[in-house]
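Asker: Between the sequences and the hints, there should be enough to build the whole structure, so can you do that?
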Amino acid sequence: MPKKILTYLFITQILFTGCIDGEEFDNSCNGNFEALWQLIDERYCFFAQAQEEFGLDWNAVHDKYKPMADTCRDELILFDILGDMLKELRDGHVNLTSMFGTSYYWDWHLQHPMNFSDSIQRNYLGTNFRQTNGIKYTTFPDSIGYAYVESFSNNFSINNLTLMLYNLRECKALILDIRNNGGGMITSAEKLASSFINEEIHYGYMQHKTGKGHNDFSAPEPLYLEPSEGARWLRPVVVLTNRSVYSAANHFVMIMRELPNVAIIGDSTGGGSALPLNSTLPNGWRVRLSACPTLDLKHQHTEFGIAPDIKVDITSEDWEKGRDTIIERAKTLIFDYYNKKEEQ
Amino acid sequence: MRKALLIAITLALLATPAMSRVRHIVTDTIIPERIVVKSSLFGITLLNNLDTYLSNYNHKGLGINFSHENFRDARTGNYRWKYQTLFNATLGYATLGNNIQYTALISQSWSGYHPFKVAKGLTLLAGAQIQFEGGALYNPANGNNPAAAKLRTALAATGMVIYHFPVLRSEWIARYQVDIPLAGVMFAPEFGQSYYEIFGLGHAKGIISFTHPGNNPSWRHTLSLDIPMRIKRHSTTLRISYTADIYQSRINSIDCHIYRHTFALGFARTIFKIKRENRMNNHSPY
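Top line first, the protein sequences correspond to chains A and B.
When we follow numbering that gives the first Met the number 0, the leftmost residue of the first sequence carries the number 0, and every step to the right adds one.
When we follow numbering that gives the first Met the number 0, the leftmost residue of the second sequence carries the number 0, and every step to the right adds one.
In short, the hints are calculated from the structure, not lab data.
Remember, it's a predicted structure, so these values are computed and weren't measured experimentally.
Take these hints with a grain of salt, some might be off.
The calculated label-pair distances, taken between Cβ atoms and stated as ranges, are [claimed, not checked]:
hint : chain 1 : residue 1 : chain 2 : residue 2 : range
1    : A       : 156       : B       : 35        : 44 to 54 Å
2    : A       : 297       : B       : 90        : 28 to 38 Å
3    : A       : 23        : B       : 260       : 15 to 25 Å
One side of the interface only, derived from the structure: several residues of chain B facing chain A at Cβ under 7 Å [unchecked claim]:
hint : residue
4    : 54
5    : 99
6    : 141
7    : 143
8    : 144
9    : 190
10   : 191
11   : 214
12   : 256
13   : 260
Think of the CB as a built atom: it goes at the ideal place given N, C-alpha and C, for glycine as much as any other residue.
Answerer: Here it is, written out as structure tokens:
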């Protein structure tokens, strides 16, 4: 009996216990190149959209950069080769980080008008603005509230947002300026958005990869947002955007555009609609890549940006005069809204 | 006469506890002894971690380990069974290039064994084990996927070989134990699923997977040597042990291995659960 038991244990172990080991790429220029290409091939989530938008062929990218990696003998040069390969994805969420620095793809906003100047913004914010956890806000003379949310990297508390909305309580409308907001935490974006709803809303979907194939995705799961437990702002809101609105800020716009009494004006957002995840190469360099895409209510990706309701650029005349065309247009929109309301 | 009767009753009352003690001693000699061996060991662990949810490459490093074992005769089955409870905790630090990965794992197992005496001094034990393990691998540099949580329970087959052998007029004990999980369940996110989806949004469908040796080929070997110390009539031994804890899984295209090789040192103490007089009849549950 004991012999049988021991024999069974031994056989079970021999039969079923193969080694589960990591990838077999070596820590050479070519090994790191192949490791990066394969990592993106298996985990990146926007191949179909990139192919449709600008004809990306990831296999062709491999063939283009492989000869460079084969002849590379220097880590600095390898970093540039790999960084350039990642730029072929045209995705601001895809980066390579090493001891030399981080590779970025910037064209998603650098090839577009800035549509924001902090010098011009000073003419509107003045010197008496308040600030709560990174959000600067003030009241314009015509009873319009103005809040500038520079980043979603700060973890807003309900108290922060309640205090801000309490201080703006006399305003008839709010201009919520998120231009140049490059993102941060989705949870912060959702917390801010939850201050503008009074009941739970369904605003989109999220999915993730279920396998290594380019089209292996889970079924889209609905995204809901519950109203804030603090103060809620139910008066008109105008959200100002430009091409530098990215990632969590793009997510914020995706929510806000589903709300009544909210208008988006300015330029298209920069996109970055997927939750990025991280991994590493054999040499320890870190890779960030888009992994879990979000979809809007029409099941459309917003990876390449969200168009505003009203497209406005800062004109060169206004730029010279220190006027922010987009803020001025937002004010006009609010006045028009109340004038129409009075007429009715 | 009345006086004599009072004296007799008083003596009888005084004698009752003593008589009951005598009966108790008699009873004790009938019940087999119940002996518990408790050991606590501290060790150094060589770590080799892979979790493709965090990184496709091995992180290697060092850790510290604590284990506590309780091995005893079972009251059930006329003391023919042995029970073992084993607690283990590992804290570690592994690297790949400039990347750091922290490891924190605790495990607890409950085992029941049937012993088979095969030769003088040599006993084989076979039984079943319930395993529980929890913890995480943590890569602080990974933004939205900094950690891979480990939570699993399994029913395992377990076996032991115990060998008593004399060295310099004392009895040393060598022991080998192997545990192989056969069936269980574990927390396993899908290939590219973020923890934000699972815990932030509640999209938690399918995060528990059934495990078997095909997708979770793991095992744990422990080799230990107990060296008696001249303390308290051999009831304390110095224990030296080596444990190879090989945890592996391949679920939802996520490969994981946590290889822990632990060299530990500690003490094992034999505790007798009966009266002092019977300690002379000294034996171990081994």
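Asker: Next, verify each hint and record whether it holds.
Answerer: Results for each hint:
no., hint, in the structure
1, A:156 x B:35: 44 to 54 Å, "holds (52 Å)"
2, A:297 x B:90: 28 to 38 Å, "violated (49 Å)"
3, A:23 x B:260: 15 to 25 Å, "holds (22 Å)"
4, 54, "holds (4 Å)"
5, 99, "violated (10 Å)"
6, 141, "holds (4 Å)"
7, 143, "holds (6 Å)"
8, 144, "holds (5 Å)"
9, 190, "holds (5 Å)"
10, 191, "holds (3 Å)"
11, 214, "violated (9 Å)"
12, 256, "holds (5 Å)"
13, 260, "violated (15 Å)"
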